[in-house]
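Q: So the chains spell out like this:
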Amino acid sequence: MSLKVENLSVSFSSGGHTVTAVDHISFEIPDKTIVGLVGESGSGKSVTAMSVMQLLPPQAVLSGSILWKGQNIMGLSNTQLRSIRGSEMGLIFQNPLAALNPVFSVGNQMIETIVLHQNVSTARARDIAIELLQKVQIPDAALRLDHYPHQFSLGMCQRLMIAITLSMRPKLLIADEPTASLDVTVQAQILTLLNDLKEELDMSILLISHDLGVIAQNCDEMLVMYLGKLIEKGKPSELFKHPMHPYTQALIAAIPSPFSKRSEVTHVLKGDIPSPLHLPSGCRFHPRCPKAFALCSEKEPRLEPVCGREVACFLATEATSNSR
Amino acid sequence: MRRLPYLYILAVFILSFGMSFIPGLDATRFDPLLAGQPQAPSLHHPFGTDDLGRDVLVRSISGAKISLLVGIVSVVLSTVLGVSVGLLCGYFEGVTDAIIMRLVDVLMALPTLFLILIIQSLWKPSIWNVVIVIGLTSWMGTTRLVRAEVLSVKQRLFIISAKARGISTSRLVFKHMLPHTLSPVIVSATLGVGSAILTESVLSFLGLGVQPPYASWGNMLERSVPLMNEAPWMSIVPGVLITLTVLSLNVLSDHARAALNKKERVVS
Numbered sequence: 005m006s007l008k009v010e011n012l013s014v015s016f017s018s019g020g021h022t023v024t025a026v027d028h029i030s031f032e033i034p035d036k037t038i039v040g041l042v043g044e045s046g047s048g049k050s051v052t053a054m055s056v057m058q059l060l061p062p063q064a065v066l067s068g069s070i071l072w073k074g075q076n077i078m079g080l081s082n083t084q085l086r087s088i089r090g091s092e093m094g095l096i097f098q099n100p101l102a103a104l105n106p107v108f109s110v111g112n113q114m115i116e117t118i119v120l121h122q123n124v125s126t127a128r129a130r131d132i133a134i135e136l137l138q139k140v141q142i143p144d145a146a147l148r149l150d151h152y153p154h155q156f157s158l159g160m161c162q163r164l165m166i167a168i169t170l171s172m173r174p175k176l177l178i179a180d181e182p183t184a185s186l187d188v189t190v191q192a193q194i195l196t197l198l199n200d201l202k203e204e205l206d207m208s209i210l211l212i213s214h215d216l217g218v219i220a221q222n223c224d225e226m227l228v229m230y231l232g233k234l235i236e237k238g239k240p241s242e243l244f245k246h247p248m249h250p251y252t253q254a255l256i257a258a259i260p261s262p263f264s265k266r267s268e269v270t271h272v273l274k275g276d277i278p279s280p281l282h283l284p285s286g287c288r289f290h291p292r293c294p295k296a297f298a299l300c301s302e303k304e305p306r307l308e309p310v311c312g313r314e315v316a317c318f319l320a321t322e323a324t325s326n327s328r
Numbered sequence: 064m065r066r067l068p069y070l071y072i073l074a075v076f077i078l079s080f081g082m083s084f085i086p087g088l089d090a091t092r093f094d095p096l097l098a099g100q101p102q103a104p105s106l107h108h109p110f111g112t113d114d115l116g117r118d119v120l121v122r123s124i125s126g127a128k129i130s131l132l133v134g135i136v137s138v139v140l141s142t143v144l145g146v147s148v149g150l151l152c153g154y155f156e157g158v159t160d161a162i163i164m165r166l167v168d169v170l171m172a173l174p175t176l177f178l179i180l181i182i183q184s185l186w187k188p189s190i191w192n193v194v195i196v197i198g199l200t201s202w203m204g205t206t207r208l209v210r211a212e213v214l215s216v217k218q219r220l221f222i223i224s225a226k227a228r229g230i231s232t233s234r235l236v237f238k239h240m241l242p243h244t245l246s247p248v249i250v251s252a253t254l255g256v257g258s259a260i261l262t263e264s265v266l267s268f269l270g271l272g273v274q275p276p277y278a279s280w281g282n283m284l285e286r287s288v289p290l291m292n293e294a295p296w297m298s299i300v301p302g303v304l305i306t307l308t309v310l311s312l313n314v315l316s317d318h319a320r321a322a323l324n325k326k327e328r329v330v331s
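Going down the list, the sequences are from chains A and B. Counting in the numbering used here, the first sequence runs without a single skipped number right up to 328 at its last residue. Counting in the numbering used here, the second sequence runs without a single skipped number right up to 331 at its last residue.
Treat the hints as calculated values from the structure; they're not laboratory data. Be aware that one or more of the hints could be misleading.
Claimed, not checked - Here are some chain B residues the structure puts well away from chain A; computed CB gaps all over 12 Å: (1) Arg-66; (2) Asp-114; (3) Leu-220.
To be verified - On the chain A side, residues computed to face chain B include the following (Cβ under 10 Å): (4) Leu-120; (5) His-121; (6) Met-172; (7) Pro-294; (8) Ala-298.
Stated by the list, open to error - Reference listing, derived: stretches of chain B covered by chain A, where coverage requires no fewer than 3 residues with Cβ under 8 Å from a Cβ of chain A: (9) 223-233; (10) 239-246.
Just so you know, even glycine gets a beta-carbon here, dropped at the ideal spot from N, CA and C.
Given only the sequences and the hints, what does the whole structure look like? Please build it.
A: Now the structure itself:
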């Protein structure tokens, strides 16, 4: 019982151009684990999340397979997907305020969801909703239930979203940058809450973030994405200690440290993430890579196992084959 | 000053629908003594009488009822139709949408008034024909508005989030999307009432709408044409009423637009 994504590609075509947002990525989320997905904006993290739930607009072209409990959910009908959405997989977003319908009270939306997934009466659903709000530490739960989304702070909204999602008791929670728009203290609360609930409900979590600290602290496995490709995956502790891909190295070096002096400017990658319309030849990272050499612009490195993890870089694979 | 159009519409409503409860006020009753010679406004007949000796004020109020009825019922019909088709097209996109929208384009190109004229001359002219024909020929604008709103609201995160919760398509469309498409619909429906009232007047003026002896602003105007010089009150009163009513409704729809925009700004 786990999620297995194999060779997933997602492309969008518009005005004669085709943009490949996710390019042949494969990963697994075993039971009761938290897998982190990191990368810059535009690296295809959210598209990956949305394709796992089959929520991309019809313009998106998907290939590969997404196996949930051994069943390929790619190309399932809307009705079949509805039995998976919510009750099997839940989704929370970076902007919780926009994820709630502004014209209905929070209680209305929670009760709707609970009635749908737990087959209970509206009155019972209301009690369950109040319990859930208390569980995610919203004070005056019974009163707050009748409030509208805009009457809550962002942190509270995210807790509401978590409560709504948990009411469906999903086996997999996809959290698309759940803490990106929140204060650090609130961020810590939300992450603690997610960890507690994961233990309580035996969930697995796909945690998407651009915050490496969040990933390192919470995940059992970490995936690094760059321009739609997975470039390194492994245990966060090892990746942090000894990142092999120059991009992962740069990401880790870019974390500001309270102990470094202001003059010691942290390593900054040159250039911007290239447009997915004009992908660089060879390794997608080579135009920005400080260690690039001739081969990098000619051949694309494949994701290959290196010392208990997988890396897509010639330097890493070379180093290990030399040491053998 | 801002409240004037509201007060006017309210007054027309109360007077026209309340009139049936006051005995002795019959729009079809005429005074045989006054027949043949229209009477100028006087204390007894504040807006004068027509050539059959019928009181113009009473007839105007009675005509208001029919005009408002036609305006409101036909707009309800066209709005229900327009919103349903718009939701359908916007949600499903693709082939269904393309076919229906081309049909809408064709229907929009049809000259509505002539269509109504043909239908009214084929069948026995009746007020319900007028309502149905106006309703069936004016829903396309609403469809376009609703479709455009659905296309944009569909992309919003709360719809994606509702979908991720496994909420059914019908609930998604009617509960979660519909309320977000209504602001332009309310505005266009208010405008629609005004234009339906105008259409009804034109039809009645041409003798194809409300049939005598029942009063409508349009057929009062028609009756006044040969007597324009001797009895100007016969044409001025219904003419001014039509203008004021349509003007007030247009102002109302403008206010609705402003109010709805303000609300949207607060929400987002």
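Q: Does each hint fit the structure? Answer for all of them.
A: Structure-based check of each hint:
no.: 1; hint: Arg-66; verdict: holds, 28 Å
no.: 2; hint: Asp-114; verdict: holds, 56 Å
no.: 3; hint: Leu-220; verdict: violated, 4 Å
no.: 4; hint: Leu-120; verdict: holds, 7 Å
no.: 5; hint: His-121; verdict: holds, 7 Å
no.: 6; hint: Met-172; verdict: holds, 7 Å
no.: 7; hint: Pro-294; verdict: violated, 37 Å
no.: 8; hint: Ala-298; verdict: violated, 44 Å
no.: 9; hint: 223-233; verdict: holds (count 10)
no.: 10; hint: 239-246; verdict: holds (count 3)
Against the hints set out earlier in the document, violations occur for numbers 3, 7 and 8.
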